[in-house]
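Q: Based on the hints, put chain B in the right spot on chain A.
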Amino acid sequence: MGINQLNTTGELTRGRRLFIYVGQRWALMFLIFEFLVFSAAADGFFTARGVQIIFFFGTAIFLLGTAETFVIITGGIDLSIGFVMGFASVVSAKLIVAFMKAGMGEVWSIVIGIALTLLIGLIPGYINGVLVARFNVPPFIATFSMLGIAHGVSELLIKKGAAKNLPHLANVIGNGYLFYIVPGKGLSFLTMPAIRRGEKIIQLIPNVVVITFIFIFIFGFILKRTKFGQHTYAIGGNIESAIKAGINVKRHLIKVYMISSFFSTLAGVIYMLKYITGKADAGASFLLDSIVAVVIGGASLYGGLGTVRGTILGALILAVLETGLRMMGVSTFDKYIAVGVILILAVLIDQYFPEIIHKEE
Amino acid sequence: MSNESITVKRKRELSGVTAVLAREWATVFLFLLVVIFSFTGRGFFSLNNFQNVLHLSTVFLLLAAGETFVIITGGIDLSVGFVMGLSSVLGAKVMQIMQAAALPQPLSMVVGTIVGLSISIIPGWVNGVLITKYNVPPFIATLGMWGITNGITLKICQGFPVAYLPPKLVEIGNGFLIYIYPGKGVTFFHKPAGVVGTQIRELIRILPFSIIFSTAVLLFLWHLLKNTKFGQHTYAIGGSMNAAIRSGIDVKKHLVKVYILSSFLAGMAGVFNIFQTGVGNFTPFSAMYELFAIAAVVIGGASLMGGKGRIVGSVVGVILLAVISNGLSLSGVEPFYRFIAVGVILIIAVIMDQLFPDLF
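Quick mapping for you: the protein sequence lines, in order, are chains A and B. Each residue of the first sequence is one higher than the one before, counting from 1 in the working numbering. Each residue of the second sequence is one higher than the one before, counting from 1 in the working numbering.
Next up, chain A with everything else stripped away, as it sits in the complex (with noise of 0.2 angstroms):
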């Protein structure tokens, strides 16, 4: 209604326009605003440590909201992503101590693992994109089977004995960083230098984060600059319209829906690095998280809204939140609460204030 009503009255007065660049940034300042809150009240928040902490623990939150991104803007929603996750914890697990007993070496048994639960990961994806696209099955209820299916698949293939015996290799780097800086002695690149007891030791940037935005970037790119992401938002906006402009609609959801499991996957795997073992329902509570990052984000249930940087955003916003409250030592079950009214007020301040949040468009 009133999108592009603000650019085109011209005159605003100061007060006004910095309501407006408030506004359009609440995400941001509320980021910002929560970083200083838990800088001031949890001790070692605001340190290059603290500030690893999230990023680290939030990989799974910035991946499966990546995820439910693509989804949501198609009109579409993921609820699968969670089991879907835990069900590549297990595969990945259970393939590369399978490839380890083979007698392959570590490095083969990881790559190959990781490789091949890439690709099986494809496939909840792909049934979910078939039943939608083909079957007109509503997304709510086909990923809703697939996420039955995916968790007593992956039960399953623990009961058989749960994955022990990961190689070292695993941990080295799912806990291993980019860089180790021993002062006074000097950097050294991804592997730990032997310290003494007592010497101090800087750690740099995890090697999980570097991988998870790799990938973010590359799927932010693709859905910004590219005819794929065009066609993704002309879905959401108006299914009708972009059948008539030829679009094919039905093989793109399916991809749409690929993308999502594929980061579903790449979140359990990561999941098996960080804690070397696989867990089926290693992904069950970050479903409303990754839903949550996404509204915030900008992006509305009815699709065609919604920025990979939004999400990451909502993502940075939760990640903070969980990991500022365990350091205030404060129980986690206040988060729930928070990240419950939170949802609620990214809506109505969305609802209340369209011209404001997408005056940009």
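It is possible that some hints are incorrect.
Chain A residues, not near chain B, derived (Cβ > 10 angstroms throughout) [to be verified]: (1) 33; (2) 50; (3) 52; (4) 97; (5) 168; (6) 173; (7) 183; (8) 185; (9) 194; (10) 196; (11) 207; (12) 209; (13) 215; (14) 275.
Short derived list, chain A residues pointing at chain B, Cβ under 7 angstroms [stated by the list, open to error]: (15) 29; (16) 31; (17) 136; (18) 137; (19) 148; (20) 155; (21) 156; (22) 218; (23) 219; (24) 220; (25) 226; (26) 281; (27) 337; (28) 339; (29) 344.
If you are wondering where the hints come from, they were derived from the structure by calculation, not from laboratory data. Quick caveat, the model's predicted, so the values are computed rather than measured. Think of the CB as a built atom: it goes at the ideal place given N, C-alpha and C, for glycine as much as any other residue.
A: Positioned in the frame of chain A, the structure of chain B alone reads:
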């Protein structure tokens, strides 16, 4: 256009028996499963087991019945699982405190029940107001309430079940109407005196209180949805929101009532849960009560687009899911196949709905 659809409808109406079978596929499927499990499951086909299945389904029956109303209006309520936990934990907490103060058991049970039921109205009211007054999509409003009620529940119980409640609770929650002790006599409400140890096994127990309770609630809701103005308005809103507004229905007020009803039934489920287990249980993350309730409603023939759904259908949906897990476990199948089975059946349900849209 309309002529065309009418002829299509006629064509499909022709195949009488097939039509009924397709519409009632869930019931047919349930019947088939009961037959199959009677052969494969040890002790499946017995009065005890059937009563047990229904007894354990009570919570889901209540949740699904509430969800039916919401889904018919075209909405969704994701908060029911955690509202249930909230009622359960808060009601139990009150009972715990009163029990510790050595107050009479019936008094603490009544007060705890009232508190548990009353608290459940609040989330529903907030959901309804957010959805109608502030235009928050139902998915978001109830998902937010999902987080809020979960957090409050966990704060109350600190992540542990609330125990040390009046011991009478379990007797009521797991009691039966009729006890028959073969050759010795029949008693009502209580186990016959003097039956101890292994003798209990010989006791035939008929009609758990839980079944009587859930049947009464469901009959009331069935009547409410089918025969009253409230039910008509519910369908009208789901069929076409605009038409409902034009025909003079106070849609906003009605929707608030529907969300309160759903939430209140979740509270009822929570309080029942105290009686059943004897402790106040918080809802664990992986329980996903709300999703299973929604699944049952959809299997029962409702559409997430609104306007369609029946209490009887939802009841069949719940029992179908319960029979699957009960039958599989009695047949010695790993319990995890249950999740897979639920997923597959749900997909079948919707595809059936797609193939025969006119029948439902």
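Q: Does each hint hold? Answer for all of them.
A: Against the structure, the hints come out as follows:
1. Against chain B, the non-interface label of residue 33/A holds: every CB pair exceeds 10 angstroms, the least being about 20 angstroms.
2. Every Cβ of chain B is farther than 10 angstroms from the Cβ of residue 50/A; the closest lies at roughly 24 angstroms, confirming the non-interface assignment.
3. Separation of residue 52/A from chain B is adequate, the least Cβ-Cβ distance of about 27 angstroms exceeding the 10 angstroms criterion.
4. In this structure residue 97/A is separated from chain B by more than 10 angstroms, as the shortest Cβ-Cβ distance comes to about 20 angstroms.
5. Consistency note on residue 168/A: stated as away from chain B, and its beta-carbon is indeed over 10 angstroms from all of that chain's, at 31 angstroms minimum.
6. At the 10 angstroms boundary, the C-beta of residue 173/A stays outside the reach of chain B, the nearest C-beta of that chain being 28 angstroms off.
7. With a closest Cβ-Cβ approach of about 41 angstroms to chain B, residue 183/A is found to remain outside the 10 angstroms limit, as its non-interface label requires.
8. Every beta carbon of chain B lies more than 10 angstroms from that of residue 185/A, the smallest distance being close to 45 angstroms; the non-interface claim holds.
9. A cut-off of 10 angstroms between C-beta atoms confirms that residue 194/A is not in contact with chain B; the least separation is 41 angstroms.
10. Against the 10 angstroms criterion, residue 196/A stays outside the reach of chain B, whose nearest CB is about 41 angstroms from its own CB.
11. For residue 207/A, the requirement that its beta carbon stay farther than 10 angstroms from each beta carbon of chain B is met, with the minimum near 28 angstroms.
12. Even its closest Cβ contact with chain B, about 25 angstroms, leaves residue 209/A beyond 10 angstroms, as expected for a residue assigned away from the interface.
13. Even its closest Cβ contact with chain B, about 26 angstroms, leaves residue 215/A beyond 10 angstroms, as expected for a residue assigned away from the interface.
14. Remark: the non-interface label on residue 275/A is consistent with the geometry, its nearest Cβ contact in chain B lying 17 angstroms away (cut-off 10 angstroms).
15. Here the hint on residue 29/A is broken, as its CB sits about 21 angstroms from the closest CB of chain B, past 7 angstroms.
16. Taking 7 angstroms as the C-beta cut-off, the interface hint given for residue 31/A is violated, the closest approach to chain B being about 19 angstroms.
17. Interface restraint check for residue 136/A: the shortest CB-CB distance to chain B comes to about 5 angstroms, inside 7 angstroms, so the restraint holds.
18. A least Cβ separation of about 5 angstroms between residue 137/A and chain B falls short of the 7 angstroms threshold, and the interface hint therefore holds.
19. Evaluation of the residue 148/A hint against chain B yields a held restraint, the C-beta minimum of about 3 angstroms falling below 7 angstroms.
20. The interface hint given for residue 155/A is met, as the beta carbon of that residue sits about 4 angstroms from the closest beta carbon of chain B, less than 7 angstroms.
21. About 5 angstroms separates the beta-carbon of residue 156/A from the nearest beta-carbon of chain B, less than 7 angstroms, and the hint is met.
22. Given hint, residue 218/A at the interface with chain B, is violated; its Cβ is 29 angstroms from that chain's nearest Cβ, farther than 7 angstroms.
23. At about 24 angstroms, the closest approach between the beta carbon of residue 219/A and any beta carbon in chain B exceeds 7 angstroms, and the interface hint on this residue is violated.
24. Nearest Cβ of chain B to the Cβ of residue 220/A: about 24 angstroms, over the 7 angstroms cut. The hint is violated.
25. For residue 226/A, the interface hint is violated, since its Cβ never comes within 7 angstroms of a Cβ in chain B; the closest pair sits about 29 angstroms apart.
26. Hint on residue 281/A holds. Least Cβ distance to chain B is approximately 5 angstroms, under the 7 angstroms limit.
27. Given the 7 angstroms rule on beta carbons, the hint for residue 337/A holds: about 3 angstroms separates it from the nearest Cβ of chain B.
28. Satisfaction of the interface hint for residue 339/A is found here, the shortest Cβ-Cβ separation to chain B being roughly 5 angstroms, below the 7 angstroms cut-off.
29. Given hint, residue 344/A at the interface with chain B, holds; its Cβ is 4 angstroms from that chain's nearest Cβ, closer than 7 angstroms.
When the structure is compared with the earlier hints, violations turn up for hints 15, 16, 22, 23, 24, 25 and for no others.
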